[in-house]
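Chain order of the listed sequences is A and B.
According to the numbering used here, the stretch in the first sequence is residues 1487 to 1895, in order.
According to the numbering used here, the stretch in the second sequence is residues 1487 to 1895, in order.
Please note that the accuracy of each hint is not assured.
Identical copies look the same in the list; a pair holds intra-copy or inter-copy alike.
[Claimed, not checked] Computed list of lysine-lysine pairs in DSS-like fashion (alpha-carbon distance at most 27 Å, straight line):
#  : residue 1 : residue 2
1  : Lys1867   : Lys1513
2  : Lys1557   : Lys1504
3  : Lys1489   : Lys1504
4  : Lys1504   : Lys1672
5  : Lys1867   : Lys1557
6  : Lys1791   : Lys1827
7  : Lys1672   : Lys1544
8  : Lys1672   : Lys1489
9  : Lys1541   : Lys1557
10 : Lys1827   : Lys1867
11 : Lys1862   : Lys1790
12 : Lys1489   : Lys1673
13 : Lys1544   : Lys1862
14 : Lys1791   : Lys1513
15 : Lys1545   : Lys1561
16 : Lys1513   : Lys1557
17 : Lys1569   : Lys1537
18 : Lys1545   : Lys1514
19 : Lys1790   : Lys1569
20 : Lys1518   : Lys1545
21 : Lys1862   : Lys1545
22 : Lys1560   : Lys1514
23 : Lys1560   : Lys1504
24 : Lys1680   : Lys1827
25 : Lys1513   : Lys1545
26 : Lys1862   : Lys1786
27 : Lys1557   : Lys1518
Calculated from the structure, these hints are not laboratory results.
Number of protein chains: 2
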Amino acid sequence: MPKLSRRAQDTFISPFRKMLPIAAETKKQGVKVFHLNIGQPDFDIPESAWKAFRKIDKKGIPYGQAEGQLKYRKKLCAYYRSKGHDVEPGEIVVTTGASEGILFSLLTIADAGDSVLIPQPYYANYLGFCQMAGVRINPILTSFEDGFALPLPEQIEKNISPNTRAILLCNPNNPTGKVYTLPDLKKIVPLLEKHDLFLIMDEAYREFVYDDIPYGSTLDLAGIRDRVIVIESASKRFNACGLRVGGVISRNPDIIEGVSRYARLRLSPPVIGQWLAQYSLQASEMYFDTVLQEYDQRRKLLMKKFQDYPQIRVNAPEGGFYLFMQLPILNSDHFCEWLLKDFRHQNATVMLSPGTGFYSSPGLGNNEVRIAYVLKQENLKRAADCLIEALNVYEYTDRRLLQEQPVGT
Amino acid sequence: MPKLSRRAQDTFISPFRKMLPIAAETKKQGVKVFHLNIGQPDFDIPESAWKAFRKIDKKGIPYGQAEGQLKYRKKLCAYYRSKGHDVEPGEIVVTTGASEGILFSLLTIADAGDSVLIPQPYYANYLGFCQMAGVRINPILTSFEDGFALPLPEQIEKNISPNTRAILLCNPNNPTGKVYTLPDLKKIVPLLEKHDLFLIMDEAYREFVYDDIPYGSTLDLAGIRDRVIVIESASKRFNACGLRVGGVISRNPDIIEGVSRYARLRLSPPVIGQWLAQYSLQASEMYFDTVLQEYDQRRKLLMKKFQDYPQIRVNAPEGGFYLFMQLPILNSDHFCEWLLKDFRHQNATVMLSPGTGFYSSPGLGNNEVRIAYVLKQENLKRAADCLIEALNVYEYTDRRLLQEQPVGT
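All chains, full assembly: derive it from the sequences and hints.
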């Protein structure tokens, strides 16, 4: 039998994947599993969008435009205008989720063997998309201690190689919750110019910014508009991950042409999803306010829960809906599996994302986990109690840390 | 400004793309353009599917399973069982259109630099998907004279190189209309075994086979079940290209695992499209019969129209909804552009696909065009009249051919 390709064999597998059958087994035993492991919001799309959806009266569902339906792109422009960005329909290519947008962007700006600089920890699937495109990642460490801020330009510069074609940032950041402001981003502009780099900015979580932090969109970063590629996501914006509607935005017509060539190969992004995304954009600002308020309450609930446990270290997220936490554990893969297999608290347990999945440098993330706060507050409380109780009984802890900061004090 | 990647610059652009702005200009002048250039059926999905669709009462549209919704895959299995193939849900990965299925299959079985053998003429976008995956095409010529039959095994073998990982076939064939029967396919089995190759079989058009020709699905090709990867398409099956729902089917668990790894990176295929595809599978066999009957009438209409013009050479398609024609022209790109720019018949013209787009070997396809018979019969008649009239007045014809077989005799 012929073997699979080397790249298929090497393709990144999320640690969470390996835990799925274990979680299924746990549920079979009648144990409640709180899913904090996946960024799947529990909100619905705007009610007005469902209403419009049920009235759809079409004849046939033909191919849409490769670059996305013009009607939808126009609505998207109106949305961006309301956020202060003057975007034209011709500067947008609608993609099948942000995922496809990232892949097409990588293919457009980098050849096989080129590399892209990404601060780690980073969204695990970036590694997979880079593997698909044959692109290497130059990881650059950001640290818990300084709130996962962008490294200093001189540190970033040390990690740029002659093959580096772009810096890829996620803002707000998944998994760290860091929000880059415009002044943050301006600091790397000279680097982009000096080393002739593109800036790929994953803005999938741009709706979710807390405490009126001045969110910095790269769309209008002065002087380098031609270098910027923004990835956007209707699926995340409207809490409808199954839509698979995202997009690439760029002021650089060459980028739009490059991305469009890949878009044309697959003929069109999902048409019905675009209808729903378009109807959703007609919803009022109220929709976003309500969702953000609820996330903010969840965020505060968790921060309050954990504040009395110094062995749990966590920065309040500035954006997104993830907590990236340091725990007194030595092997986050083992801990997360153990939670599912062996730990029960009031007949329940939690499923977390091990920190190891967010780093490409081996050995990192072993004392970290990511929580997605996508559960109702009552369940979130119970899930947090589970985690706290679990840390009381887990055996493979970092004893040094525990001795310094004993549990429950 | 940094340059685009080499591969983005080199990405295949369909000749039809270059003609789009010309067609738009023609329409602005009030001229009717008959679109025979794209395989976009003019049928609707089953009415019962729309009915179920309008009753959808969901809360939220979360990520679906990476491998596709289990409910939909089960319905798909029932469909295949009705066609005599015993397929299990675990042997299917639902993809975002057949396009994604082809890309994931290529990535799974071939590394960058490997090659795949494909008979030409072939569906133009295969070239693009191969470029995305860094895979080369070994083209092998099939000819008009023998109805685009599969070449003899010894001819195929000459084109197999040490880097060849698979043979890719399209059945029924786009653009040639050829249908491979099971005996046809059995002839290449020894080759697959001898050279340890996979067989990727694009069955997007499997619903469309005429004259009860015994269609050969590779799903159960004896002895090589583990080598076979079938690409399937709900979008084509239900004339709803905008759904973007396709799939990969394989009996080989390694293939399913490899394809699933890529599928997991993009999290899930479009969820709403799968709902509609699932509802559509509940439609009666009547739906397929009605569609096929109409296509058959269109096919016969065109064959009858062209039979009196010996300078138009065309084989009756055995499947699909394309005619691949030889015309007395010297440059099909020029002819197709000229039709849009300079030719009018009763204030109308036709848009065709130039044959050159279906070959990777330069110089081929210059006297060929592809027609998609996706128009109502009345319009199809007018479009055929346009084409016949155009050949009467077109100047850059192959005079030798015209002298032998003068127009209108």
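The hints, checked one at a time:
1. For the homomeric pair Lys1867 and Lys1513, the shortest alpha-carbon distance inside one copy (20 Å) is at most 27 Å, but the shortest distance between copies (62 Å) is not.
2. Taking identical chains as interchangeable, the C-alpha atoms of Lys1557 and Lys1504 lie at most 27 Å apart only when they sit on different chains, with a minimum of 23 Å there against 41 Å within one chain.
3. Within a single copy, Lys1489 and Lys1504 get their C-alpha atoms as close as 22 Å, which meets the 27 Å cut-off; across copies the closest is 40 Å, which misses it.
4. Within a single copy, Lys1504 and Lys1672 get their C-alpha atoms no closer than 40 Å, and across copies no closer than 39 Å, so neither meets the 27 Å cut-off.
5. For a Cα distance limit of 27 Å, the shortest separation of Lys1867 from Lys1557 qualifies neither inside one copy, at 43 Å, nor across copies, at 33 Å.
6. For the identical chains of this complex, Lys1791 and Lys1827 are intra-copy neighbours only, at 24 Å inside a copy versus 71 Å across copies, given an alpha-carbon limit of 27 Å.
7. For the identical chains of this complex, Lys1672 and Lys1544 are neighbours neither inside a copy (47 Å) nor across copies (44 Å), given an alpha-carbon limit of 27 Å.
8. Taking identical chains as interchangeable, the C-alpha atoms of Lys1672 and Lys1489 lie at most 27 Å apart only when they sit on different chains, with a minimum of 22 Å there against 48 Å within one chain.
9. Taking the closest pair of Cα atoms, Lys1541 and Lys1557 come within 27 Å of each other both inside a single copy (17 Å) and across two copies (25 Å).
10. Taking the closest pair of Cα atoms, Lys1827 and Lys1867 come within 27 Å of each other only inside a single copy of the chain (21 Å); across copies the shortest separation is 68 Å, beyond that limit.
11. Taking CA atoms no more than 27 Å apart as the test, Lys1862 paired with Lys1790 passes inside one copy only; the shortest distance there is 16 Å, against 66 Å between copies.
12. Only between protomers do Lys1489 and Lys1673 lie at most 27 Å apart by alpha-carbon distance; the minimum there is 23 Å, versus 47 Å within a single protomer.
13. Taking the shortest alpha-carbon separations for Lys1544 and Lys1862, only the inter-copy value of 18 Å comes in at or below 27 Å, while the best intra-copy value is 37 Å.
14. In the homo-oligomer, the alpha carbons of Lys1791 and Lys1513 lie at most 27 Å apart inside one protomer (26 Å), although the nearest pairing across protomers, at 65 Å, exceeds that limit.
15. Taking the shortest alpha-carbon separations for Lys1545 and Lys1561, both the intra-copy value of 23 Å and the inter-copy value of 24 Å come in at or below 27 Å.
16. Only between protomers do Lys1513 and Lys1557 lie at most 27 Å apart by alpha-carbon distance; the minimum there is 20 Å, versus 44 Å within a single protomer.
17. Taking the shortest alpha-carbon separations for Lys1569 and Lys1537, only the intra-copy value of 26 Å comes in at or below 27 Å, while the best inter-copy value is 38 Å.
18. For the homomeric pair Lys1545 and Lys1514, the shortest alpha-carbon distance between copies (25 Å) is at most 27 Å, but the shortest distance inside one copy (44 Å) is not.
19. In this homomeric assembly, Lys1790 and Lys1569 never come within 27 Å of each other (Cα to Cα): the closest approach is 32 Å inside a single copy and 59 Å across copies.
20. Taking the closest pair of Cα atoms, Lys1518 and Lys1545 come within 27 Å of each other only across two copies (22 Å); inside a single copy the shortest separation is 45 Å, beyond that limit.
21. Proximity of Lys1862 to Lys1545 under the C-alpha cut-off of 27 Å is restricted to the inter-copy arrangement: shortest distance 15 Å between copies versus 40 Å within a copy.
22. Taking the closest pair of Cα atoms, Lys1560 and Lys1514 come within 27 Å of each other only across two copies (22 Å); inside a single copy the shortest separation is 48 Å, beyond that limit.
23. Taking the closest pair of Cα atoms, Lys1560 and Lys1504 come within 27 Å of each other only across two copies (24 Å); inside a single copy the shortest separation is 42 Å, beyond that limit.
24. In the homo-oligomer, the alpha carbons of Lys1680 and Lys1827 never lie at most 27 Å apart, since the shortest distance is 52 Å inside one protomer and 47 Å across protomers.
25. Taking the shortest Cα distances, Lys1513 and Lys1545 sit within 27 Å of each other only across copies (23 Å), while inside one copy they are farther apart (43 Å).
26. In this assembly of identical chains, the alpha carbons of Lys1862 and Lys1786 lie at most 27 Å apart only when taken from the same copy (13 Å versus 61 Å across copies).
27. Taking the shortest Cα distances, Lys1557 and Lys1518 sit within 27 Å of each other only across copies (24 Å), while inside one copy they are farther apart (44 Å).
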